[in-house]
Each structure stands twice: as structure tokens, then as C-alpha cells.
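Number of protein chains: 2
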Amino acid sequence: MVDSVTPILEEYSAYTDGQMKAVLNGRKNVGRLYDMMKYHLGWLDEGFNDCRAPRGKSLRSTICLLACEAIAGDRNKALPAAAAVELLHNFSLIHDDIEDGDEKRRHRDTLWKLWGVPQAINTGDAMDIVANLSLLDLDGSVKPEMMIEIMRLFNETVIELCEGQYLDMDFQCRSDVSVDEYITMVSGKTAALIEAAAAIGAMVATEDEDVIGRFKTFGRKIGISFQIRDDILGIWGDPKSTGKSAKNDIRNKKKSLPVLYAMEKSKRRAELKRIYVKEKLSDLDVARVFDILTEAGALEYTQNEAQRYKDEAMAQFEGLRLHKAPMERLQAIGRFLVERDY
Amino acid sequence: MVDSVTPILEEYSAYTDGQMKAVLNGRKNVGRLYDMMKYHLGWLDEGFNDCRAPRGKSLRSTICLLACEAIAGDRNKALPAAAAVELLHNFSLIHDDIEDGDEKRRHRDTLWKLWGVPQAINTGDAMDIVANLSLLDLDGSVKPEMMIEIMRLFNETVIELCEGQYLDMDFQCRSDVSVDEYITMVSGKTAALIEAAAAIGAMVATEDEDVIGRFKTFGRKIGISFQIRDDILGIWGDPKSTGKSAKNDIRNKKKSLPVLYAMEKSKRRAELKRIYVKEKLSDLDVARVFDILTEAGALEYTQNEAQRYKDEAMAQFEGLRLHKAPMERLQAIGRFLVERDY
Chain A
19 MVDSVTPILE EYSAYTDGQM KAVLNGRKNV GRLYDMMKYH LGWLDEGFND CRAPRGKSLR
79 STICLLACEA IAGDRNKALP AAAAVELLHN FSLIHDDIED GDEKRRHRDT LWKLWGVPQA
139 INTGDAMDIV ANLSLLDLDG SVKPEMMIEI MRLFNETVIE LCEGQYLDMD FQCRSDVSVD
199 EYITMVSGKT AALIEAAAAI GAMVATEDED VIGRFKTFGR KIGISFQIRD DILGIWGDPK
259 STGKSAKNDI RNKKKSLPVL YAMEKSKRRA ELKRIYVKEK LSDLDVARVF DILTEAGALE
319 YTQNEAQRYK DEAMAQFEGL RLHKAPMERL QAIGRFLVER DY
Chain W
19 MVDSVTPILE EYSAYTDGQM KAVLNGRKNV GRLYDMMKYH LGWLDEGFND CRAPRGKSLR
79 STICLLACEA IAGDRNKALP AAAAVELLHN FSLIHDDIED GDEKRRHRDT LWKLWGVPQA
139 INTGDAMDIV ANLSLLDLDG SVKPEMMIEI MRLFNETVIE LCEGQYLDMD FQCRSDVSVD
199 EYITMVSGKT AALIEAAAAI GAMVATEDED VIGRFKTFGR KIGISFQIRD DILGIWGDPK
259 STGKSAKNDI RNKKKSLPVL YAMEKSKRRA ELKRIYVKEK LSDLDVARVF DILTEAGALE
319 YTQNEAQRYK DEAMAQFEGL RLHKAPMERL QAIGRFLVER DY
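Protein chains in written order, with the numbering used here: chain A, 19 to 360; chain W, 19 to 360.
Hints may contain errors.
Within a straight-line C-alpha distance of at most 16 Å, the following computed EDC-like cross-link-like pairs (lysine to aspartate or glutamate) qualify [to be verified]: (1) A:K265 / A:D359; (2) A:K46 / W:E174; (3) A:K265 / A:E227; (4) A:K271 / A:E297; (5) A:K273 / A:D256; (6) A:K262 / A:D120; (7) W:K258 / W:D359; (8) W:K161 / W:E174; (9) W:K75 / W:D188; (10) W:K161 / W:D188; (11) A:K272 / A:E199; (12) W:K95 / W:D155; (13) A:K271 / A:D120; (14) W:K234 / W:E313; (15) A:K273 / A:D198; (16) A:K161 / W:E313; (17) A:K161 / W:D248; (18) A:K161 / W:E167; (19) W:K46 / A:E225; (20) W:K272 / W:E336; (21) W:K161 / A:D303; (22) W:K161 / A:E167; (23) W:K46 / A:E199; (24) A:K46 / W:D303; (25) A:K56 / A:D127; (26) W:K161 / A:D127; (27) W:K285 / W:E313; (28) A:K56 / A:E29; (29) A:K271 / A:E227; (30) W:K265 / W:E227.
Which chain W residues face chain A? A few, computed with CB under 8 Å, are given here [as the list claims (entries may be wrong)]: (31) D146; (32) V176; (33) E297.
Just so you know, the hints here were simulated from the structure itself, not pulled from any lab data.
Glycine included, C-beta positions come from ideal geometry on N, C-alpha and C.
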């Protein structure tokens, strides 16, 4: 299953990369400012020489392109938006890495680790703007009124992302986070941008508000599903596939969905909460949390939720006349999101 | 002289503040995210109770409003842009304070000092977007094509700001910064946003490209002049007026214009450079640098430069038919910028 998705993501990702490179290379050099962005994107090594380091799955930009293609039969018009979405996602990763103190991303040193927090903050700020400027490249291929609507949606998305990030950091200091609050948080932090990717892909292709609305809802729900699967991999994932250590999220006391579920439903929830207030968890603590989650059926619950959101996402397309090949690709990506092991 | 400008700045600042408050209060509360912005803006104290703490001069938003008023005879249409410019300026201050490690701003603890670097980065990010959203409130009162032009200019401005900030941080690690490089740096870091303020104020009022171009050039040059006067106050300013310690910029080894001038022109430039490579300057070092600058005529040179840029800025308005009262206010502000002692 996964093997049917990898070539799709690779093809669409290469297409978007071409545009992102054009945007970044189109700017006048200012010291190493743009080179640091290219390092983060995996195109340069830390000595600023060309390289090909692993990047993310380019899920957001691929969804943006496929949404446009499914409606219009052609993905080209959405390219500046796909690049914008990917640049924006990477801006948020640069700042998240600082905020979370993460020293590694995809086996490479993070930007702040190499060049310090001040330059990393500033590089992230600049990348956020490059994303906005890339989006403005749509101008001329969509009506001015639609261009403004897209800019508004894009900015509303970024602020929702910041709101989600606020909540995520806030949750780490609180012991009373509910499952509902969790959904609000991931809805902002992860799903908003996937929603924007799908919606803007649609807005470039059509003015039909019903169709645009369906792609929006699709994006939001598929985004939540994506994050829930991430939570599963953070606890039950195979380190060989995920590249992270086993039971990583328990060790980091992450308040992810399986944990919040057990905190609400497990008979041993008092014990679970006592462990979670500790400064640092021992190996024994981690094993006990893992047992509590298993006993409470947290894996089944969480996987069912991922499946449910994915099904609700896919149901959006019922009754719409869409192009077959890109729709099949979107469906393959949907399945991948809830079944992936990386 | 200063006394004639204070009431202007106070009046226009109160007008812009009303709009900024409307924009921020229009957002749904997310924990303390928007309250932290309001703290930074001086409206809330650190316990999130109402207060009236001193804020900046609101120079940028006032120039934006006056540009519109000078052309159209009315400032109202520019209000969302004035709020956007002021919000953007404050976003950059929040991030600058982290990047420079400054613990105080206007006698109050900085955001990162109170709530930590991660939340401060994220709050700044969100404020940048609130600025963009405020700008989009112009939609409906300008043509869609002009709205897009304004969004493009605004984003080009922010990226120039980041480029300027990159250079500023880079300069602190280098010993060979030229006066020309300095002008490029402040042109981005300070003047770009003042240029945008004046230009957008004009774009809201007219479609005449010549007039818009003149206000742009005015903003850029007055912005450089503003920064140069800042450099003078950082060395020769009276602590009682500036609120900073005496010879503050020398003590911090800031590579400001008077210092760069002396590094190029002073007979004692070798001695100056030797002092500037030290980790920390003693009181004696500070006194010696001060002597070198005085001997080289750095104060006269720098003040002449501030005056020259200000005169070039003001010359932009020659031959234009503009409304008298707002023009006189703009001229008063121009004079204030090169003569102010705070």
C-alpha cells in the first residue's frame, strides 16, 4: 500500500521543489540568509555545498496540487500555492525546533543548533514571508478578488497554526488537558495548513463555493487523521521505520491522544497522572505507562479515530464530478495517512 | 520644536491604537496568546490587568495616516494600514528583543523575559499575521488590484526587514563593515517599513504612480535619517531624555554610523579597531573611543548625514499639490526626526 503512494509523493514533491527553488533563487543574496533556508530544505549541507538530504513527505503541497488537478484536470495553476504551503510548513518547523529545543531533524542538526537561536528565528521569519510572496505569484492566473480571498485564508491559517502551537506548549505545563482540547489544538497546529492546502488548490481551479467547501472539510479532517496516526507512531511505531526511538512520546511525556484517552478512561488513570507529573520518566515508568495504555485499549481507540476522520474526509467527494486519476491518488494518500508506518 | 510634534504623535497614535485594539479584540481568545501581545503594546500589565504603560512614538503609523491625509484630505481610509504597520513594527520588536537578549523595553520586562523564548517567538509570529490581516481590512475601500499591490509591497517590506536584521547580527561578528554596508543594513532594518508606511498611505489615497513614488522615496530617506539620529543619541544622547545609559552604544560595541565613519577616517582608526575586538570594554576603553570619535568629527559628519537624508526626503514634495495642514505636520515630523533628543 505504502509503495503505491511513495512514487506519487516523490513526483509531486519534485515538481513543487522546482518552484520553491525558483522562488528562493529569484531573491538577491543577503549573506547566508537564503542559504540557511536551503540548508533546512535539504538542498545545501552545513558548509553550503549542494547536497540531497532527506526532506519531509511534501504531503501538504501534494494535496494542494491534487485538489486542483481533481477539479480542473491540470495541476499547473496551483504550483505557486503548493510552493507557498510547503515554505510555510518549513517556516513553522524552523521555529518549532527552537521552541521545542530539538537539536535534530531528519538526522541533521537543526538550524538554531548550527547558527544560533537569533539567526534561526530571523530565518524562519523571512521564510514565512517568502511563502506569502510565492502565493502572490498566483496573481494573474486567478481573478484579483479570488487572490485576495486566498491571501486571507492563508493568513487565517498561519494564525491558527500559531494558536495551535500556543496550546501545544501550554498543554505541556498542564495536567488537565481533555480529548476535546486536544482536537482543537491539532486542528490548529496540523490540520489548518492541510485544509488550506486543499482549499487553495480548489480555489485556483474553481469558483464553485460548494466544491471549495468540500475540499476544505476534506483537508481539515484528513489533517486531524494524519496527526492522530502520528500519535500512534510516537508510541507504537517501529524505530526502524519512524527514525525515532521506541515509545518516544511517552518518554517525552507528550500529551498525545492515546495518553489523554487513557487519562479519561483507564481504571489506572490516577497512577498514569502520578507518573506524568514526574520531572523525568525512568524505563520502568515508560513500561508502566505503556501497559496502562494497552490495557485501556488506547491503540484501538486512537486508530478508530484516525479511520473515522479519514472516512469523513473521503465522504466529502461523494456526488462530485472529479477527474479520475488525481482522485485515485488523493484516495491512496488518504489510506496511506491512516496506515503508514513512518 | 519637539513640543509641537508631541501632540501630533499623541493624537494620531491614539487613533491607530483604537484600530489595533479592535483588530486584537476581534479575535477569539486562545489562552494568553493575545494578552501577551497586549502586554507588549502597553495595554496590560504582566498580570494581564488593564494599564497604560508607555509605548513607542507611533512614528510609522502617523506617517502612514499623514501621507493619506496630505493627498486625499482625509486620513480615515488609511486606518487599517496604519494599524498594520504598527503591529508589524511591534512584531519585529518582540523578535529583536529575543535575538538581542534585551531584558527591558521602555522600563518593562520584555516578553521573552516574562514568558520564555518559545512563547515569545510564537507570539511574535502571530502578531506578524495579525498585521497582515489588519492590512486586508483595506479590502473594499481600495480596488482589488491595488489591494494586491499593497499586500505585495507589505510582504517585500517585511522580508527586507529580515534581511536588514540578518546583516545587523552579522555585522556584530565582523570587523570590516563599511559605511555603504551600514546604509544597506539600516535601509532594510529601519527605513523599509517607514517607506512602506508612507507608500501605503499614498496608495490608499491615489492611483497616481508619480505621487506614490515620491512618498515611497520620502519614507525611505526619512527612515534612514531617523536611524542616523538614533545612532547619535546612542552615543551623545542625554540619559535623562533617552532612558538609556550614557554612551550606551559604545559600551555595547555597536557598529553604528559614527563608529564606522571613524573606522574609515580617523587617524587613530587602528587603535579604535583594537578596542572594538575586545570581549568587553572597560570604562577607560569607552572614554578612549569617545575621544577618537570626537576628534574625527564623527558627530558633525553623522548629524550632517541625518540632515541631508531629511532634506532629500522633504524635497520629494516639491511641485505636488497637497493638503496644507497634514503637510505641515509631516514637515514638523521631518524636523523632529533630525533634532529630537529622545
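Hints versus structure:
Between K265 of chain A and D359 of chain A, the direct Cα distance comes to roughly 14 Å. Compliance with the 16 Å bound is thereby established for this hinted pair. As the CA atoms of K46 of chain A and E174 of chain W are separated by approximately 12 Å, the hinted pair is consistent with the 16 Å bound. Restraint check: the Cα-Cα separation between K265 of chain A and E227 of chain A comes to about 43 Å, which exceeds 16 Å; the hinted pair is violated. Between the alpha carbons of K271 of chain A and E297 of chain A the distance comes to roughly 9 Å, so the proposed pair stays at or under 16 Å and holds.
This hinted pair does not check out: K273 of chain A and D256 of chain A have alpha carbons roughly 20 Å apart, beyond 16 Å. With a C-alpha separation of about 13 Å, the suggested pair K262 of chain A and D120 of chain A falls inside the 16 Å cut-off, and the hint holds. Between K258 of chain W and D359 of chain W the CA atoms are separated by roughly 10 Å; this keeps the pair inside 16 Å, and the hint holds. Under the criterion of a C-alpha separation no larger than 16 Å, the hint pairing K161 of chain W with E174 of chain W is inconsistent with the structure, at around 20 Å.
Distance hint between K75 of chain W and D188 of chain W is unfulfilled; the C-alpha atoms sit about 28 Å from each other, more than 16 Å. At most 16 Å may separate the alpha-carbon atoms for a hinted pair to count; K161 of chain W and D188 of chain W exceed this at roughly 41 Å. For a cut-off of 16 Å, the pair hint linking K272 of chain A to E199 of chain A stands: about 14 Å separates their Cα positions. Of the pairs offered as hints, the one joining K95 of chain W and D155 of chain W holds, with about 10 Å between alpha carbons and a cut-off of 16 Å not exceeded.
Pair hint K271 of chain A plus D120 of chain A holds up; C-alpha atoms about 15 Å apart against a cutoff of 16 Å. The suggested pairing of K234 of chain W with E313 of chain W is violated, with an alpha-carbon distance near 37 Å, which exceeds 16 Å. Straight-line distance between C-alpha atoms of K273 of chain A and D198 of chain A comes to about 13 Å, which keeps the hinted pair within the 16 Å bound. Restraint check for K161 of chain A and E313 of chain W: not satisfied, since their Cα atoms lie roughly 62 Å apart, outside the 16 Å limit.
For the given pair, K161 of chain A sits about 44 Å from D248 of chain W by alpha-carbon distance, which is inconsistent with the 16 Å threshold. The hinted pair formed by K161 of chain A and E167 of chain W meets the criterion: a straight-line CA distance of about 14 Å does not exceed 16 Å. Taking the CA atoms of K46 of chain W and E225 of chain A, the gap is near 29 Å; set against the 16 Å cutoff, the hint is violated. Between K272 of chain W and E336 of chain W, the direct Cα distance comes to roughly 37 Å. Violation of the 16 Å bound is thereby established for this hinted pair.
Proposed proximity of K161 of chain W and D303 of chain A is contradicted: the alpha carbons are some 62 Å apart, above 16 Å. Among the hinted pairs, K161 of chain W with E167 of chain A is consistent with the structure: their alpha-carbon atoms are about 14 Å apart, no more than 16 Å. With a C-alpha separation of about 15 Å, the suggested pairing of K46 of chain W with E199 of chain A holds against the 16 Å cut-off. Proposed proximity of K46 of chain A and D303 of chain W is contradicted: the alpha carbons are some 39 Å apart, above 16 Å.
For the suggested pair K56 of chain A and D127 of chain A, the alpha carbons sit about 14 Å apart, so the restraint of at most 16 Å is met. Simply put, K161 of chain W and D127 of chain A have alpha-carbon atoms about 46 Å apart, too far for the 16 Å limit, and the pair is violated. Between K285 of chain W and E313 of chain W, the direct Cα distance comes to roughly 9 Å. Compliance with the 16 Å bound is thereby established for this hinted pair. Annotation: proposed proximity of K56 of chain A to E29 of chain A is violated, straight-line Cα distance about 20 Å (limit 16 Å).
For the hint pairing K271 of chain A with E227 of chain A, the CA-to-CA distance comes to about 42 Å; that exceeds 16 Å, so the pair is violated. Of the pairs offered as hints, the one joining K265 of chain W and E227 of chain W is violated, with about 43 Å between alpha carbons and a cut-off of 16 Å exceeded. Evaluation of the D146 of chain W hint against chain A yields a held restraint, the C-beta minimum of about 7 Å falling below 8 Å. Because the smallest distance between the Cβ of V176 of chain W and any Cβ of chain A comes to about 5 Å, under 8 Å, the interface hint for this residue holds.
The beta carbon of E297 of chain W comes no nearer than 17 Å to any beta carbon in chain A, farther than 8 Å, and the hint placing it at the interface is violated.
The earlier numbered hints that this structure contradicts are 3, 5, 8, 9, 10, 14, 16, 17, 19, 20, 21, 24, 26, 28, 29, 30 and 33.
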